[in-house]
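Each chain is listed here by its residues.
2 protein chains.
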Amino acid sequence: MNEPGIAIYMIPTILAEDTQERVIGPQIREAISRLDVFFVENVRTARRFISSLKLGKVIDNLTFIELTKDTPESITWEALKNLRQDAGIISEAGCPGVADPGAAAVQIAHQLGLKVVPLVGPSSILLALMASGTSGQSFAFHGYLPIDKALRKKAIQTLERDARQKQQTQIFMETPFRNNQLLEAVLETCMPDTLVCIACNVTAADEMIKTRTVKSWKANLPDLHKKPTIFIIG
Amino acid sequence: MNEPGIAIYMIPTILAEDTQERVIGPQIREAISRLDVFFVENVRTARRFISSLKLGKVIDNLTFIELTKDTPESITWEALKNLRQDAGIISEAGCPGVADPGAAAVQIAHQLGLKVVPLVGPSSILLALMASGTSGQSFAFHGYLPIDKALRKKAIQTLERDARQKQQTQIFMETPFRNNQLLEAVLETCMPDTLVCIACNVTAADEMIKTRTVKSWKANLPDLHKKPTIFIIG
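Which chain is which? The protein sequence lines are A and B, in order.
To convert, note that position 45 of the first sequence is 45 in full-length UniProt numbering; the numbers rise steadily by one, no gaps.
To convert, note that position 25 of the second sequence is 25 in full-length UniProt numbering; the numbers rise steadily by one, no gaps.
Next comes chain A alone, as it looks inside the complex:
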């Protein structure tokens, strides 16, 4: 059993290269300075991120425990149960526990009675919502839509209907190399006056966040290929 008072810190990382000076706050620097054990979605990304903060930590002395969508629950359970010190959870990009495997570890942490402390940092989903101008009073995030064309079309129709009828903002995404196909499907499926926000390369120097009608996007099709993008129907 863990000793009382052991805490798991949910540590956000950067969304775009070389943005740590701007988007990583003092709270995250403090936490990483203090911790030596990290549950991480991607070891290479996490090591590089910690190095980039220039906190004087010797990366080779740190313990990284992989936590991907394929990590068996029993492995994470054992690792958390045997913790004798505070640890961090770091996602591949953005905030752990949101659209990533971190939530599974946190659920176990609550069962083990560990303290869970979320730290403030960049989330492309939240930043896109803030800048979209669509309703932030009621919203839903759906992750990835189906790849199958017919099913995807049906999913988009449901999102558009919920956005209008429930006044609920609909947020979704796609793997970056399929962004253009998803955008095409959205513009083909939705009504001309439906508002679509495209939030592309959020926090990067070439960040583009625009909300326009379907009709207006059709006349000015952006190239989203391989660029991390959040889509919003408002």
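There could be a bad hint or two in this list.
Because identical chains cannot be distinguished in the list, a pair is counted as satisfied if it fits within a single copy or across any two copies.
Straight line, CA to CA, 20 angstroms or less: simulated EDC-like cross-link-like pairs of lysine to aspartate or glutamate [as the list claims (entries may be wrong)]:
| id | residue 1 | residue 2 |
| --- | --- | --- |
| 1 | Lys-153 | Glu-188 |
| 2 | Lys-215 | Glu-160 |
| 3 | Lys-115 | Glu-207 |
| 4 | Lys-226 | Glu-66 |
Because the hints were derived from the structure by calculation, they are not lab data.
Since the structure of chain A is provided, determine the placement of chain B on it from the hints.
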């Protein structure tokens, strides 16, 4: 018409007193240092927040434009149309555009062709989700539930059903002086093994974020009276 390139910065503020040193990042300090015009939900809160950052700004030289839920759209439209310099939007607490009136101004900003730049900062909704251990792959935020007892019970039943059937995490809140009644309604309405996360005083020194079953909460009822709280059914 606005000159090209004018930008609106979505500026998060603190959630709890005296936390600015920990949760406000360099990006927000930079933006506030540079800006002289702010659209704000609460002028007093915004002035106090800017003062607390000790950036050497003379608060009396700044322009504050009120942007509440009762501000007529035409007033915000005129103010944004006549902007000749970059401006910021500051909410009463947390991230503007999320569960506050900022979104209405952003929608106008997009129509006027202004650039909208969201800055990284604390959101009690996102922090609660990160620390809850409930699914971050699919989630919905509903704002306030109905006050009427029968309607509220029905709403909670729908949330519980959606959490189970759609595996969609359900997030909601209440005005702090009614938190205990809402918690009571949730615990009375939901099944004993349903997971409920209570995220109370997020980012404050006495932050409490715990996910437990309904049965377990009933045996250990917390007092949430007048404490800002996010509720999650997972």
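As a check of your reading, is Lys-215 near Glu-160 (CA-CA no more than 20 angstroms) within one copy, between copies, both or neither? For Lys-215 and Glu-160, the Cα distance is within 20 angstroms only inside one copy (15 angstroms; across copies 38 angstroms).
With identical chains, the pair Lys-153 and Glu-188 could be close in the same copy or across copies; at 20 angstroms between alpha carbons, which is it: within, between, both, or neither? Only inside one copy: Lys-153 and Glu-188 sit 9 angstroms apart there, 39 angstroms across copies, limit 20 angstroms.
Tell me, please, which holds for Lys-226 and Glu-66 at an alpha-carbon limit of 20 angstroms: within, between, both or neither? neither (26 angstroms within a copy, 40 angstroms between copies)
Intra- versus inter-subunit Cα pairing at 20 angstroms for Lys-115 with Glu-207: between (35 angstroms within a copy, 10 angstroms between copies)
The structure fails hint 4 only (numbered hints given earlier).
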